[in-house]
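Produce the entire structure from the sequences given, and follow the hints as far as they go.
Number of protein chains: 2
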Amino acid sequence: MSDDLAQRLREQGLRLTPQRQLILRAVEELRHATPDEVLAHVRDQVSSVNASTVYRTLEVLEELGLVRHTHLSDRAPTYHSTDEHEHVHVVCRRCHAVRSYDPGLVQPLVAALADDGFVVDVGHLAIFGTCADCSAADEQPRPT
Amino acid sequence: MSDDLAQRLREQGLRLTPQRQLILRAVEELRHATPDEVLAHVRDQVSSVNASTVYRTLEVLEELGLVRHTHLSDRAPTYHSTDEHEHVHVVCRRCHAVRSYDPGLVQPLVAALADDGFVVDVGHLAIFGTCADCSAADEQPRPT
DNA sequence: TTCAGTGCAAAGCGTTTGCAGGGTG
DNA sequence: CACCCTGCAAACGCTTTGCACTGAA
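Quick mapping for you: the protein sequence lines, in order, are chains X and A. One point on numbering: in the numbering used here, the residue at position 122 of the first sequence is 122, and numbering is uninterrupted. One point on numbering: in the numbering used here, the residue at position 73 of the second sequence is 73, and numbering is uninterrupted.
Don't take each hint at face value.
Partner residues are not named here, just some residues of chain X that face chain A (Cβ under 10 Å, in silico) [unchecked claim]:
{"#": "1", "residue": "55"}
{"#": "2", "residue": "74"}
{"#": "3", "residue": "88"}
{"#": "4", "residue": "121"}
{"#": "5", "residue": "124"}
{"#": "6", "residue": "132"}
Taking CB as the label site, the calculated pair distances span [to be verified]:
{"#": "7", "chain 1": "X", "residue 1": "135", "chain 2": "A", "residue 2": "95", "range": "52 to 58 Å"}
{"#": "8", "chain 1": "A", "residue 1": "43", "chain 2": "X", "residue 2": "3", "range": "37 to 43 Å"}
{"#": "9", "chain 1": "X", "residue 1": "29", "chain 2": "A", "residue 2": "4", "range": "45 to 51 Å"}
{"#": "10", "chain 1": "A", "residue 1": "59", "chain 2": "X", "residue 2": "11", "range": "43 to 49 Å"}
Partial pick of chain A residues on the chain X-facing surface, computed with a CB cut under 8 Å [claimed, not checked]:
{"#": "11", "residue": "53"}
{"#": "12", "residue": "120"}
{"#": "13", "residue": "129"}
These are computed hints drawn from the structure, not numbers from a lab. Cβ atoms here follow ideal geometry from the backbone N, Cα and C, with glycine treated the same way.
In structure tokens form, the structure reads like this:
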């Protein structure tokens, strides 16, 4: 967690700043947050943190392997901490509900592609479709 | 195909225009094209087609079920005709190569989620990772 | 003749970049 | 005290929207 941060930054000759600590913490607390949401959360604690800092920091944190991002909508990506167990995102396009599944869900897929030498990035995977409630409620799925 | 277009438009009280025909044809010919690429392709044949028309038309075509879109990068989406067999996209984040796989690849996944009543949108699925060549060439994948 | 569809221009959203000043190591 | 990091503001890429005109049915 945050101790990792100081250490991993140092390994890369990068610096530990309050912003970087706050942004990492925000991602950990919010679970699945867009850069905008991260910014808002950080600003609740310290005003005058800039959006560009959030973008730059999320990029650094992702390079350090401390956070990951996925695309759960056609809009902004969502970031989550790598502290959580790796998981696969399943998204209902109708009600926008997001469920997390164990990576075992896609194990057959991962194995099949491994035969071709392809390494699947499971944490990035987002599976879209229509959930039970929504397919019951209505018959015609609409595009995202 | 294009005959479908006239018919499906009529069913919805919508109109058949040269732009709509050209845009659908462009998507069919280009296989996997961004709105921008579709625009460029259409303009090769008829000048003064507007970007907003392309966006509006792709939306209509998708509602009619004639085209589909996927996200093969963090940038613009790509559209393809539903004439082609449904396929799953596998994308190497390193070299950006895109391979299409038979939906059978994800059949176990689809079946597992079907148990929960979730209907997977297979055509929208994009699986990211590192291809054989790239994982051989280098050891540290970078985020998209 | 009606009203869906278009082009145009402007605005929108999310993100990136150049720069000068500030703070970490 | 070097140089990484930040805030600010402007620019960027992609997409959406308002409006008046055009043209399909």
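Query - Restraint outcome when residue 120/A is required to lie within 8 Å of chain X by C-beta distance - result: Holds: closest Cβ of chain X sits about 4 Å from residue 120/A, inside 8 Å.
Query - chain A contact restraint on residue 55/X - CB to CB distance below 10 Å - result: Not OK, violated: residue 55/X not within 10 Å of chain A, min 13 Å.
Report task. Return the status of the interface hint for residue 74/X: holds when the least beta-carbon distance to chain A is below 10 Å, violated otherwise. Result -> holds, 7 Å
Query - Status of the given 45 to 51 Å range, CB of residue 4/A versus CB of residue 29/X - result: Since residue 29/X and residue 4/A have Cβ atoms about 50 Å apart, the given range 45 to 51 Å holds.
Query - Outcome for the supplied range 43 to 49 Å, where the beta carbon pair is residue 59/A and residue 11/X - result: Distance hint for residue 59/A, residue 11/X holds at roughly 47 Å.
Query raised in the report: Would the stated hint for residue 121/X survive a check requiring a Cβ distance to chain A of less than 10 Å?
Result: Hint on residue 121/X: holds, closest Cβ of chain A at ~5 Å, below 10 Å.
Query - Hint status (Cβ of residue 88/X to nearest Cβ of chain A, threshold 10 Å) - result: holds, 9 Å
**Report entry** Distance restraint hint 52 to 58 Å, applied to the beta-carbon atoms of residue 135/X and residue 95/A
**Finding:** violated, 37 Å
Query - When the least beta-carbon distance from residue 53/A to chain X is tested against 8 Å, hint result - result: violated, 18 Å
Query raised in the report: Is 37 to 43 Å right for how far apart the beta carbons of residue 43/A and residue 3/X are?
Result: violated, 56 Å
Query raised in the report: Hey, does the residue 124/X contact hint survive, CB to chain A under 10 Å?
Result: Holds, about 5 Å.
**Report entry** Interface hint outcome for residue 129/A [beta carbon to chain X under 8 Å]
**Finding:** The hint holds - residue 129/A has a Cβ within 8 Å of chain X, the shortest such distance being about 4 Å.
Hints 1, 7, 8, 11, counting from the list given before, are not met by this structure.
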